[in-house]
Amino acid sequence: MFTFLLTDIFFYIIIISLIMYVAYVRKTPDILANWLYVFRSRTGILSIVVLSFFIITAFLDSIHIKNKIYNNNTKQYVYTSEIKSFLDIILSPMHENYEKSYSAPFSSHLYSKETVNFNNIDKREYPRLLYKGNHNKYSNNKIENIAVISLFSIIKSFFICFLIYMIIFYRTIFKKNNNFLNAFNNNNVLCTSFFIIFFIIILLYDLSTQYYVLGTDKVGVDVLYKSIKSIRTGILIGTLTTIVMLPFAIFLGIFAGYIGGFVDDIIQYIYTTLNSIPSVLLIASAILMLQVYMANNPHEFENIYERADLRLFFLCMILGLTSWTGLCRLLRGESMKLKEVEYVQASQTFGLNKFSIIVRHIIPNIMHIVIITVVLDFSALVLAEAVLSYVNIGVDPTTYSWGNMINAARLEMSREPIVWWSIFSAFLFMFILVLFANLFSDVVRDAFDPRANKKYE
Amino acid sequence: MIKYIFKRFLYAIPILIGVNLLTFTLFFVVNSPDEVARLHLGNKRVTPEQIQSWNEERGYNNPLFYNQSEKGIKSFTKTIFYQKSFKLFIFEFGISDSGRDIKYDIKQRMWPSLAIALPSLLVGLLLNITFALFFVFFRSTYIDYVGVIFCVGLMSISSLFYIIGGQYLISKLLHLVPISGYAHGFEAIKFLVLPVIISVIYGIGSGTRWYRSLFLEEIEKDYVKTARSKGLSEFSVLFNHVFKNALIPILTGVVVILPLLFLGSLIVESFFGIPGLGSYTIDAIQSQDFAIVRAMVFLGTILYIFGLILTDISYTLVDPRVRLK
Chain R
24 MFTFLLTDIF
34 FYIIIISLIM
44 YVAYVRKTPD
54 ILANWLYVFR
64 SRTGILSIVV
74 LSFFIITAFL
84 DSIHIKNKIY
94 NNNTKQYVYT
104 SEIKSFLDII
114 LSPMHENYEK
124 SYSAPFSSHL
134 YSKETVNFNN
144 IDKREYPRLL
154 YKGNHNKYSN
164 NKIENIAVIS
174 LFSIIKSFFI
184 CFLIYMIIFY
194 RTIFKKNNNF
204 LNAFNNNNVL
214 CTSFFIIFFI
224 IILLYDLSTQ
234 YYVLGTDKVG
244 VDVLYKSIKS
254 IRTGILIGTL
264 TTIVMLPFAI
274 FLGIFAGYIG
284 GFVDDIIQYI
294 YTTLNSIPSV
304 LLIASAILML
314 QVYMANNPHE
324 FENIYERADL
334 RLFFLCMILG
344 LTSWTGLCRL
354 LRGESMKLKE
364 VEYVQASQTF
374 GLNKFSIIVR
384 HIIPNIMHIV
394 IITVVLDFSA
404 LVLAEAVLSY
414 VNIGVDPTTY
424 SWGNMINAAR
434 LEMSREPIVW
444 WSIFSAFLFM
454 FILVLFANLF
464 SDVVRDAFDP
474 RANKKYE
Chain C
3 MIKYIFKRFL
13 YAIPILIGVN
23 LLTFTLFFVV
33 NSPDEVARLH
43 LGNKRVTPEQ
53 IQSWNEERGY
63 NNPLFYNQSE
73 KGIKSFTKTI
83 FYQKSFKLFI
93 FEFGISDSGR
103 DIKYDIKQRM
113 WPSLAIALPS
123 LLVGLLLNIT
133 FALFFVFFRS
143 TYIDYVGVIF
153 CVGLMSISSL
163 FYIIGGQYLI
173 SKLLHLVPIS
183 GYAHGFEAIK
193 FLVLPVIISV
203 IYGIGSGTRW
213 YRSLFLEEIE
223 KDYVKTARSK
233 GLSEFSVLFN
243 HVFKNALIPI
253 LTGVVVILPL
263 LFLGSLIVES
273 FFGIPGLGSY
283 TIDAIQSQDF
293 AIVRAMVFLG
303 TILYIFGLIL
313 TDISYTLVDP
323 RVRLK
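Those sequence lines, one after another, are chains R and C.
Just so you know, the first sequence maps onto residues 24 to 480 in this note's numbering.
Just so you know, the second sequence maps onto residues 3 to 327 in this note's numbering.
Here chain C stands alone, though its shape is the one from the complex (with noise of 0.2 Å):
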């Protein structure tokens, strides 16, 4: 087992190492340093010293690969390839394009973050199911196809559009919350209540279809039918049968987004004006701060690998037929 996850880790860093060139390629050699740094200072008439200066500030005036004007080991550590893109494999993510310390920026924002998805994942979690299994309780029946059909409408139904909505009708008209902000601690629990609920609504379509057809999936095997003909109730069968089977598809989905949760919600947070990863990510976006978009690149591949390695582990917790080799 040990020796299993082991392997994954090494398996990781070639993948790593390829997102790390694949940004590296996209951030600096598609458009050179000079060119970043002349859309930074904005205007046309825009003097080779300006440009220089804006460089040497944040460490852009160095060689791409090679630096020919240093001896020994320095030639490849002053390099902008050393500097910025091979530090991130020791988490070194830098100074921002602004001047901020990017790995205290990160430390200090997911937690926001964590505190809007993880209560959005369990609440969606469990109402998904719910729905899905009372679908799947009454299949074939006009409550099933209006179910369906009712969760393709909300599928349909653009995530913007729920967010203005909810924001318009619950802070604006009915004034329950406030519209955006956030307070630390127990404060927070009011900037959280809409930015949940609102995430919880969003997914309940997909949600919903996607554990249904999980189900009914399940409900075709053979294992169900010997479980009816034993004469066990349709409840008792969906339940102790069908539900615990389908629970190691459903686990394994839920596993590989766990380690991502930390990243957020990028629109959510951002509507809302919650401090976490994903209103970083846009603000950084928007303002064209590339440091930190490609310090939020690595990272997010990171979490994703690291989900997948811990989606390995859970499958042998859950599922006792299937061992690692």
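If we strip away everything but chain R, and leave its shape as in the complex, we get (with noise of 0.2 Å):
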């Protein structure tokens, strides 16, 4: 049975919006030049490349669906309480079983000694790993092993990304006179990045089925599965806060600057006095009285599911309740400017109504501002969680997230040897995420904002 978390809706809307607006473009020929202008740019479809991938595997993590168990006792069936998502189901050689605790990256002994009886002899040693590690398929020597895995993903890779080749670029291939490779040829970029993510991809995973590949933590589970899982608590927190504060930001941001008078002060004065509180004291004393609320009201959350992924709501309301105010400015001087332009001030002559020109005139010419905005504010969000939730007061301890992850780290650096795996692999996921979201921002930024210096880029 599927069952639906508050942020899983608001994700379908984030993505159903997100195919409204792609279907908007293809029909906007301006827009959609500034947009072939990312496409065209070699970092562009790059971090487009990178960044769907994310937000696939945070899509397919926020289909939550019940098992149903068969009850002995009461001969029905009955949902469990515990609710796995798409992902969990595909990634389940990862996590169906855990180890004792501690253990390095492809390594087939735990991290710490443990005593062992063999053969009625107590010995200190380093126990071997139950599930995986040991159980080499192809050679028994590890690198051997592996170095056979990779070749068996490349060639998997290489035939997957060639039916994607053919359905993507089948009108190219298959016109008369035509070159096969010359889809390829133009487009090298696109299909070579495509390459090489399904290979780490599949090497991954193929990797995965016998051994940990980023080690387990202390409890035995799988590092990569953890980091994995936290892709959507970082997706979720960059695009739920700007969906949040959208909204707010658009329409208060216009009515300031086109109607004026004393709406403009009433709304001046809301964002400059929430501008003035310094953001993180805000979201802290927010988050603080959230934690007496829900400390105080254990009832009214179901599980643990629901109420960790309350709190992700929240933390996503605060943080964007904190950051419209910028964005509302620059609305308010953007709108305020259009107001003086010649065909704003023609078609109020004709008798349009006010509603109306904010709609056909001020709205689209303001577009561009809030796409560079939402793109821009992308990696600083996803860098604040981690921020946050090592102060204890970002996304509940038990969501999967690389804030989290970092937290749990602190004890494992401080102990000796000290466990590198699990924060590595925190930071490494969340820079490949940031990177990419920033290096497309600032391809955006070119293509939109009309005052960028596209010469010097």
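Derived by calculation from the structure, the hints in this document are not laboratory data.
All figures in this text were calculated on a predicted structure; none of them were measured in a lab.
We put the CB at the ideal spot given by N, CA and C, even for glycine.
One or more hints might be untrue.
Said to hold, decoys possible - Computed beta-carbon distance windows for the label pairs:
{"hint": "1", "chain 1": "C", "residue 1": "SER289", "chain 2": "R", "residue 2": "TYR60", "range": "47 to 55 Å"}
{"hint": "2", "chain 1": "R", "residue 1": "PHE274", "chain 2": "C", "residue 2": "GLU189", "range": "49 to 57 Å"}
{"hint": "3", "chain 1": "C", "residue 1": "GLU189", "chain 2": "R", "residue 2": "TYR35", "range": "40 to 48 Å"}
{"hint": "4", "chain 1": "R", "residue 1": "GLY349", "chain 2": "C", "residue 2": "PHE136", "range": "25 to 33 Å"}
{"hint": "5", "chain 1": "C", "residue 1": "PHE91", "chain 2": "R", "residue 2": "PRO387", "range": "29 to 37 Å"}
Can you join these two chains into the complex? Each is in its own frame, and there are hints to help.
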């Protein structure tokens, strides 16, 4: 049975609005031209491919189902309270079994010595891992085995990429008098990035059926699995926050700028007041109050999933409410400028009402600012989540998130010898997501900002 | 000029009232003081008497806005709003929930914060501007291209990574400076070196890119073309014309955060165990000491508004075109 958490629904809304936006762009030539600039740039297409894989992962992780189990006592099928996502099902070889404790990447033994009884003699040694790392499929030598797996995954990803290539470019390929690889030559960045990403995904998947690629954590959970599960939290924080703040920022900004007068004064007062509070402190106070509320009203949440989910949602709300002020100010200034432009003045003289002018003329002409801000904010928000979770005012401790992984690694870094892989993989995943988001935002800004120095980029 | 500054200070008052009301709503209306007390006392079986005494010790037992049991002016002053929120205006921060004098703590702790924040700001500014000028000088070449990519890479790394990595590398492996702690006087330097370096490195990526774009915007303007057509060297154009004119946006960006330096950096201070206002806030958040958080929100707002006023004043000093009315 499908279950929908609150953030799931909002994530679907984001995806649907993204699709609607794509449809809108295809009909509007001047916006399409800007996006084509993004697609033509090498960094642009590369970051779009990488980010879309992150978003697909987050989307798979947002489709939740409850398992049906047969209850022998009541002779009925009941739903478990445990919620699984599609991603969990795909990644089931990674998390169906847990080891006892820490183990290093690709290791076949635990990371700490234990007393093992062997032929009635107690010995201190590193115990072997129970489920992975000892069943080398192709060769007894570990390095050879890994090499064989990598070779297989190269072949597999070649095959998949070839299929995708045929599907995407079938029109260009089967045109008359056309070189078969013509489409590839024109889109080599796209094809290469597809190949590399598929290779990495397949390689990690194949390796993790036999090894813990990024080791295991304190309770023996695969660190790679935790990092992948954290993608959803990161993406949600980055996107949901902006979705929450957009309506406020757009409508208040336009009202303040276009209508002016008394309305302008009030809106300006509101955002100056909110803006004057250092944002960390405002977020901290709001989250602290939420914590008090949740601690005092535990009966309002059905289970831990809903509780954690609601906290994630409120975190997005709070982050959104503190960050809409900057966009609102920009939009106010822009719509004040637009008010004086000839075509707006002309439609006023023709007797168009204010609402239609806003919808027809103002909103399309401020959208570039909105897009630039949304894309720019994304990476900052992903980084902020880690810091907030580190201070314990971020997501719920039971939610998978990079911030929580780093927070847990505090103790791991001080033990001897140190456990480095957990914190390393959290930083690595975060770095990849944020890096490509930053590159993407650069290209988008170049494409949409009329003031951008395209000459020097 | 003085009239203008006076006016600006008057404008700040409604904003401060707004912030005050907002924090009051957040801390006392969303959750009643009883609920906060229950959280602090911890367990489920808290008796009403315990809550009552906890509130009485900290002065949360009064009504929110209007005290009916008192007469005259006292019916307004013996309320939570007056005692806990209104008194912030006269810098009476009161007693923290754990019983310490907040004002005394803030006075003690703002200097270590400043000791980290000021050097980081100055060194960072110097480095960022140098790098930015360097990249602008070599604009449209591979040096610039690689430099910008490098900056994006630096920007994409979490601040926690710099701190944890730096602490591990410099303090734990190389044993150059102590991992954390603080001492007063000149002894403090060895504790301050690493946090300052890390803050500077963390800021390099975004800072360099920001200043680079400022310089590039300036380099397009007509007076730069004039200077070049007069036969000045590229170096002299960059330093004598572009740099001077780009100083105005740089200055406004710096002045606005000057007062906020007292608040310190939350994460850096808590990692390095520096007894500044940043770690004070973190400790307060983690021990859920709302009195301190409230005081810090108000203090932060005052400092921010003060920074804005300073920015306006500094504008007139550096840019003769700006006249204050």
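Hint by hint, here is what the structure shows:
no. : hint                               : in the structure
1   : SER289/C with TYR60/R: 47 to 55 Å  : 51 Å, holds
2   : PHE274/R with GLU189/C: 49 to 57 Å : 56 Å, holds
3   : GLU189/C with TYR35/R: 40 to 48 Å  : 58 Å, violated
4   : GLY349/R with PHE136/C: 25 to 33 Å : 30 Å, holds
5   : PHE91/C with PRO387/R: 29 to 37 Å  : 46 Å, violated
The structure is inconsistent with the numbered hints 3 and 5, although it conforms to all the rest.
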